[in-house]
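Peer 1: Here is how the chains run, residue by residue.
2 protein chains.
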Amino acid sequence: MHSHWNDYPTIQNKLQVVCSFLEKQLNVRNKDIQQALIDFSQAGGKYLRPAFFFLFAEIGEQEKQNEEDLIKIASSIELLHMATLIHDDIIDDSPLRRGTMTIQSRYGKDIAVYTGDLLFTLFFEVLIDVMNGSPFMAMNAQAMKGLLLGELDQMHNRYNSNQTIDDYLLSVNGKTAELFWLACLEGAHFGHTSPEIEALAGDIGRNIGIAFQAYDDILDYTSDESTLQKPVLEDLTQGVYTIPLLLAKAQNSAAFEPFLRKKGNLTEEEAKKVASLVVAYQGVEQAKEFARTYTEKALADIRRLPAGHARDQLERLTRQLLARNY
Amino acid sequence: MHSHWNDYPTIQNKLQVVCSFLEKQLNVRNKDIQQALIDFSQAGGKYLRPAFFFLFAEIGEQEKQNEEDLIKIASSIELLHMATLIHDDIIDDSPLRRGTMTIQSRYGKDIAVYTGDLLFTLFFEVLIDVMNGSPFMAMNAQAMKGLLLGELDQMHNRYNSNQTIDDYLLSVNGKTAELFWLACLEGAHFGHTSPEIEALAGDIGRNIGIAFQAYDDILDYTSDESTLQKPVLEDLTQGVYTIPLLLAKAQNSAAFEPFLRKKGNLTEEEAKKVASLVVAYQGVEQAKEFARTYTEKALADIRRLPAGHARDQLERLTRQLLARNY
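Those protein sequence lines, which keep their order, are chains A and B. The working numbering numbers the first residue of the first sequence as 140 and each following residue consecutively. The working numbering numbers the first residue of the second sequence as 140 and each following residue consecutively.
Check the hints yourself; a few may be wrong.
Since the list gives no way to pick one copy over another, a pair counts as held whenever it fits inside one copy or between any two copies.
Simulated crosslink set (DSBU-like; lysine-lysine; CA at most 35 Å straight-line) [claimed, not checked]:
1. Lys-163 - Lys-185
2. Lys-401 - Lys-170
3. Lys-436 - Lys-170
4. Lys-211 - Lys-411
5. Lys-401 - Lys-203
6. Lys-412 - Lys-436
7. Lys-203 - Lys-412
8. Lys-436 - Lys-163
9. Lys-185 - Lys-411
10. Lys-211 - Lys-436
11. Lys-402 - Lys-170
12. Lys-211 - Lys-248
13. Lys-163 - Lys-211
14. Lys-248 - Lys-401
15. Lys-185 - Lys-203
These are computed hints drawn from the structure, not numbers from a lab.
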């Protein structure tokens, strides 16, 4: 399990069980692909969404909880996440993810398409096993749909230099925040908290998700490849204009125009020039401020949760998201 | 609706309702993609699986049936089918499907990956709407999984000249027969027939599926591009060795060896040469015999169904599958 959780021993134990459960689920006749999926599930992923799930569950009435069900639900969230990562890597043609080769680069896009599909199926299989008949079945399908519509929005806006902050938010709300929303909401629900806490959990998840994505987008402009464990400026060169760029461009659109007009033909040199313009026009600073706003919203809501160990851990974990390498 | 159904007016009407229902489901913020999906759902697809579904439902107790639910379930099967077609076309890099451009060739693989994923979600969304809590939820997930494992098997066996008929059957059982199995079984179940008829329906579907795939594979060796509405010998050049080739190769492995050894480097000329060898060594004739065996199994089981309009139509439709253009 990722060293990130050394300071969260209860969560670490549960995530370890999720990891073992996933290994058992990833059962494919083709043993190469099975091993690739198991490697992928264990290769440095933080299991951040399952962690939020368990922290919200911890707030609920322990005696009403079914530990096995909670493990399965947490795993289903990670399966959905893994499926979207594998398909994202096809689109990005990414050679690296979490510091190791992507399924796409190791086995080709053909295998990557079907293994991603297979994980979507396993996601539903686990859900059906644990909550068939529950209204949460529909909420899970809705989350998956929101996630994909967010990805399609992002795709649609590629190389669109007229993209607005609202466009960005709509896409991020789907592609990233939807899964944090689901993880927190399901944790609160299946942990037997209360309807009030469930509503709060959903809001907290959504705001954390937006902040999380914004920080991720900031890293693209401030990090180097060895720290990031994936190529830098990848989004920019692929026409995905994220919050640091959008905010910098709002300061001086004309400075960016000659570069963005080149669309897919931006050289590495030019991409670096755009990145330095983003910094020069306070894009990174403002994006940090943007992310901070959402983190503060989440923290304010976290403080409205019942006091205790879980709330303290939630607050700490959320603050840590603010202190990532940049 | 496809002219194929002009002689089946009751089925034609129901498939028309499925078509309208699908159009309403294909609701995407990006209107280009929405239109592409609607076009795809209406562009010459025969809705063969929904047709089998309705014919089996017709055998059941009409007064117990919920017409709206039946439309939704039939639509869910077509959604799953469409999703897999879109992802297949990414893998095959197919320019054409049903005589029109594929989503992949029209919008690129990026959009194709996510639109396929979106259809998988819509598949589950419709299922959850109509049968949340039913054990058929798990059977649907199982069918989708079987389908993908079949595709992965096929992928795994690409350019493998040691592939056996059993390997082929294992893959076809998943990638094609699983969906016919599901369509017939669900028709019988949600049409309120009996457990005996349900079991028979599943078997019939599976055998029809295998025969259907075998005929499809035969067409690849006997048809021309304008009849097929997609490139011919596509499977062969992509290393997918289907039943006509496998049976011909069993007659004289040495004749094929120099060609198959070239794997992905087979020229168009050489592919045509392989195709003529397949014909020369009775690969097509034997494959027809192979397909006929499965069709006869299905027909024998169909004759065990209660006599009546639906059974007659089922028999006729199944016989028609034998009379496709080759």
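Peer 1: For every hint, state whether the structure bears it out.
Peer 2: So, going through the hints one by one against the coordinates:
For the identical chains of this complex, Lys-163 and Lys-185 are intra-copy neighbours only, at 19 Å inside a copy versus 39 Å across copies, given an alpha-carbon limit of 35 Å. Taking the shortest alpha-carbon separations for Lys-401 and Lys-170, only the inter-copy value of 26 Å comes in at or below 35 Å, while the best intra-copy value is 44 Å. Taking identical chains as interchangeable, the C-alpha atoms of Lys-436 and Lys-170 lie at most 35 Å apart only when they sit on different chains, with a minimum of 33 Å there against 46 Å within one chain. When the C-alpha separation of Lys-211 and Lys-411 is checked against a cutoff of 35 Å, the pair qualifies neither within a copy, at 44 Å, nor between copies, at 52 Å.
Proximity of Lys-401 to Lys-203 under the C-alpha cut-off of 35 Å is found in neither arrangement, the shortest distances being 59 Å within a copy and 63 Å between copies. In this homomeric assembly, Lys-412 and Lys-436 come within 35 Å of each other (Cα to Cα) only inside a single copy, at 34 Å, whereas the closest approach across copies is 68 Å. Within a single copy, Lys-203 and Lys-412 get their C-alpha atoms no closer than 57 Å, and across copies no closer than 69 Å, so neither meets the 35 Å cut-off. Taking the shortest Cα distances, Lys-436 and Lys-163 never come within 35 Å of each other, neither inside one copy (38 Å) nor across copies (37 Å).
Within a single copy, Lys-185 and Lys-411 get their C-alpha atoms as close as 29 Å, which meets the 35 Å cut-off; across copies the closest is 52 Å, which misses it. With identical chains, the CA atoms of Lys-211 and Lys-436 are at most 35 Å apart within one copy only, with a shortest distance of 30 Å there and 41 Å across copies. Within a single copy, Lys-402 and Lys-170 get their C-alpha atoms only as close as 41 Å, which misses the 35 Å cut-off; across copies the closest is 23 Å, which meets it. When the C-alpha separation of Lys-211 and Lys-248 is checked against a cutoff of 35 Å, the pair qualifies both within a copy, at 29 Å, and between copies, at 32 Å.
Taking CA atoms no more than 35 Å apart as the test, Lys-163 paired with Lys-211 passes in both settings, with 12 Å inside one copy and 33 Å between copies. For the homomeric pair Lys-248 and Lys-401, the shortest alpha-carbon distances inside one copy (27 Å) and between copies (22 Å) are both at most 35 Å. For a Cα distance limit of 35 Å, the shortest separation of Lys-185 from Lys-203 inside one copy, 28 Å, qualifies, whereas the shortest one across copies, 50 Å, does not.
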